[in-house]
Amino acid sequence: MADVMPPNMLNDRPRTPAGLLSNAEKDRLIERGFLGLYRWYTARSQETRNWNPDRSFDWRALNQNLPRELITVLEGFFAVEQYAPDFTSNLIHLVRRSHGRSHFQMRWGSEEEKHADAWENAVLFSGQRSPKWIEEYKDRLKSQTWELPFPDAIHNLVYTVFQERATQLNYLNMMKIAQGKSEKPHLKGVSDPVLAKVAQTIAVDEAAHYNFFLEGVRMYLYYYPERTLNAIKNVIGQFSMPAATLVPNWEHFYETVYRAGIYGPRDFQRDVMQVAFRNMGIESRKALEEGIRKTREVPDFDGGNFKTTAIWDTFDYGAVEGDVKRLHVKIQDYEKEIGFDLYDPTEFIENPEKPAPAPAADD
Numbered sequence: 002m003a004d005v006m007p008p009n010m011l012n013d014r015p016r017t018p019a020g021l022l023s024n025a026e027k028d029r030l031i032e033r034g035f036l037g038l039y040r041w042y043t044a045r046s047q048e049t050r051n052w053n054p055d056r057s058f059d060w061r062a063l064n065q066n067l068p069r070e071l072i073t074v075l076e077g078f079f080a081v082e083q084y085a086p087d088f089t090s091n092l093i094h095l096v097r098r099s100h101g102r103s104h105f106q107m108r109w110g111s112e113e114e115k116h117a118d119a120w121e122n123a124v125l126f127s128g129q130r131s132p133k134w135i136e137e138y139k140d141r142l143k144s145q146t147w148e149l150p151f152p153d154a155i156h157n158l159v160y161t162v163f164q165e166r167a168t169q170l171n172y173l174n175m176m177k178i179a180q181g182k183s184e185k186p187h188l189k190g191v192s193d194p195v196l197a198k199v200a201q202t203i204a205v206d207e208a209a210h211y212n213f214f215l216e217g218v219r220m221y222l223y224y225y226p227e228r229t230l231n232a233i234k235n236v237i238g239q240f241s242m243p244a245a246t247l248v249p250n251w252e253h254f255y256e257t258v259y260r261a262g263i264y265g266p267r268d269f270q271r272d273v274m275q276v277a278f279r280n281m282g283i284e285s286r287k288a289l290e291e292g293i294r295k296t297r298e299v300p301d302f303d304g305g306n307f308k309t310t311a312i313w314d315t316f317d318y319g320a321v322e323g324d325v326k327r328l329h330v331k332i333q334d335y336e337k338e339i340g341f342d343l344y345d346p347t348e349f350i351e352n353p354e355k356p357a358p359a360p361a362a363d364d
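Residues in the sequence shown are numbered from 2 upward in steps of one, following the working numbering.
Don't read these hints as lab results, they were simulated from the structure. Built from N, CA and C at the ideal position, the CB exists for glycine as well. Careful, some of the hints might be misleading.
Label pairs and their in silico Cβ distance ranges [said to hold, decoys possible]: (1) Thr-49 to Val-330: 15 to 21 angstroms; (2) Gly-265 to Lys-355: 34 to 40 angstroms; (3) Arg-327 to Asp-118: 23 to 29 angstroms; (4) Pro-266 to Ser-144: 49 to 55 angstroms; (5) Ser-192 to Pro-152: 41 to 47 angstroms.
The calculated lysine-lysine pairs, modelled on DSS-like cross-linking and capped at a C-alpha distance of 30 angstroms, are [said to hold, decoys possible]: (6) Lys-331 to Lys-287; (7) Lys-185 to Lys-198; (8) Lys-133 to Lys-234; (9) Lys-355 to Lys-234; (10) Lys-185 to Lys-143; (11) Lys-295 to Lys-234; (12) Lys-198 to Lys-182; (13) Lys-295 to Lys-355; (14) Lys-143 to Lys-189; (15) Lys-287 to Lys-355; (16) Lys-189 to Lys-177; (17) Lys-234 to Lys-139; (18) Lys-143 to Lys-133; (19) Lys-234 to Lys-189; (20) Lys-326 to Lys-234; (21) Lys-355 to Lys-331; (22) Lys-177 to Lys-198; (23) Lys-326 to Lys-337; (24) Lys-287 to Lys-234; (25) Lys-295 to Lys-331.
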């Protein structure tokens, strides 16, 4: 739900103008969408990405002469993923009353746990860090706790879209280096098929996570456009990668990642923010901020939930509606496979809030 609010507070919401969906109904529709998406996601995850961090890779064949810079990167990846228990538990607690979201977070946590184990194996089998060093490093990492970057559900959902895309990009660029495709002089000639497979496998998981959270944000954009666009603006205004304040020597890790061509500010702008914006029907950060500014300049009507017309010009609402409809078709097809459609089908309900286009003037 938009704020994951208890039922006894729903009556305190503003009254809904005639002909519009109530906030309670919007929350119900979003929750049903998350539940259907979670069920579809879990089935697909089990069928196509059921790998094991120990058995799916030939760890004995890992290159033990990797450059020092890549060891630093592997340590950083391993360190960030060590906070998977914190990521998972905090997000579950935040959305625990939403079946689809809370159960997905458990599934997500089990997949992130595999990433942590795989990167730890990469550090171990590189031969450049001892088991004792790894154990002491883990103890140091876990002496601190990761906290949610935002206090509410919708901001954290939006944050995770950008974070998952950024993480996927990090791992894809690590894969290219391990495939011998780096353009950086100090990394040319580096090649390790095992490391390339590890990075690619985890990147595929991150892409699936990105798509799940993206579908969730699209549902919010469809039913709560103004609130969601404000959350997007707030998140990108203070975005940083998770655990940046917790991982020892983070600045050295970040600089090494940047020098290796794995990730940096330009990558975030071009391959994270703009990609996510395109997937959410937003033209640019400038267009987003301008649209929100115009919306705030027009007053609301009597404190109700009638949205000003300016918000609809901020993003491609029609594209978002098409994406939400396609999500529901995917969910409905899955429910037909199982038989859920016979008892409790998920339905798409159109949001009637968007103003109809003005009629064309007579010639």
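(message) For Lys-185 and Lys-198, compute the direct alpha-carbon distance and say whether it is at most 30 angstroms.
(response) Holds, at roughly 21 angstroms.
(message) Does the beta carbon distance between Thr-49 and Val-330 stay inside 15 to 21 angstroms, or does it fall outside?
(response) 20 angstroms, holds
(message) Would the hint linking Lys-295 and Lys-234 be met if the CA-CA limit is 30 angstroms?
(response) Status holds; Cα separation ~14 angstroms.
(message) Between the beta carbons of Gly-265 and Lys-355, is the distance compatible with 34 to 40 angstroms?
(response) Taking Cβ atoms as reference, Gly-265 and Lys-355 lie about 38 angstroms apart, which means the hint holds.
(request) Could you grab the alpha-carbon distance between Lys-355 and Lys-331 and see if it respects the 30 angstroms cut-off? (result) Answer holds: Lys-355 to Lys-331 is near 24 angstroms, not above 30 angstroms.
(message) So if I understand the rule, the pair passes when the alpha-carbon distance is 30 angstroms or less; does Lys-198 with Lys-182 pass?
(response) Holds: Lys-198 and Lys-182 sit about 14 angstroms apart, inside 30 angstroms.
(message) Hinted pair, alpha-carbon criterion (30 angstroms max): Lys-295, Lys-355. Please report holds or violated.
(response) Holds, at about 17 angstroms.
(request) Indicate whether the distance between the beta carbons of Pro-266 and Ser-144 respects the range 49 to 55 angstroms. (result) 30 angstroms, violated
(request) Would you check the hint for Lys-143 and Lys-189, treating anything up to 30 angstroms between C-alpha atoms as holding? (result) The given pair, whose Cα atoms are some 35 angstroms apart, is violated under the 30 angstroms limit.
(request) Could you grab the alpha-carbon distance between Lys-234 and Lys-189 and see if it respects the 30 angstroms cut-off? (result) Cα-Cα ~39 angstroms, so violated.
(request) Quickly compare the C-alpha distance for Lys-234 and Lys-139 to 30 angstroms and report which way the hint goes. (result) Outside the cut-off at roughly 35 angstroms; violated.
(request) Would you check the hint for Lys-189 and Lys-177, treating anything up to 30 angstroms between C-alpha atoms as holding? (result) It holds: about 11 angstroms lies between the C-alpha atoms, which stays within 30 angstroms.
In this structure, the earlier hints numbered 3, 4, 6, 8, 10, 14, 17, 19, 25 are contradicted, and the remaining ones agree with it.
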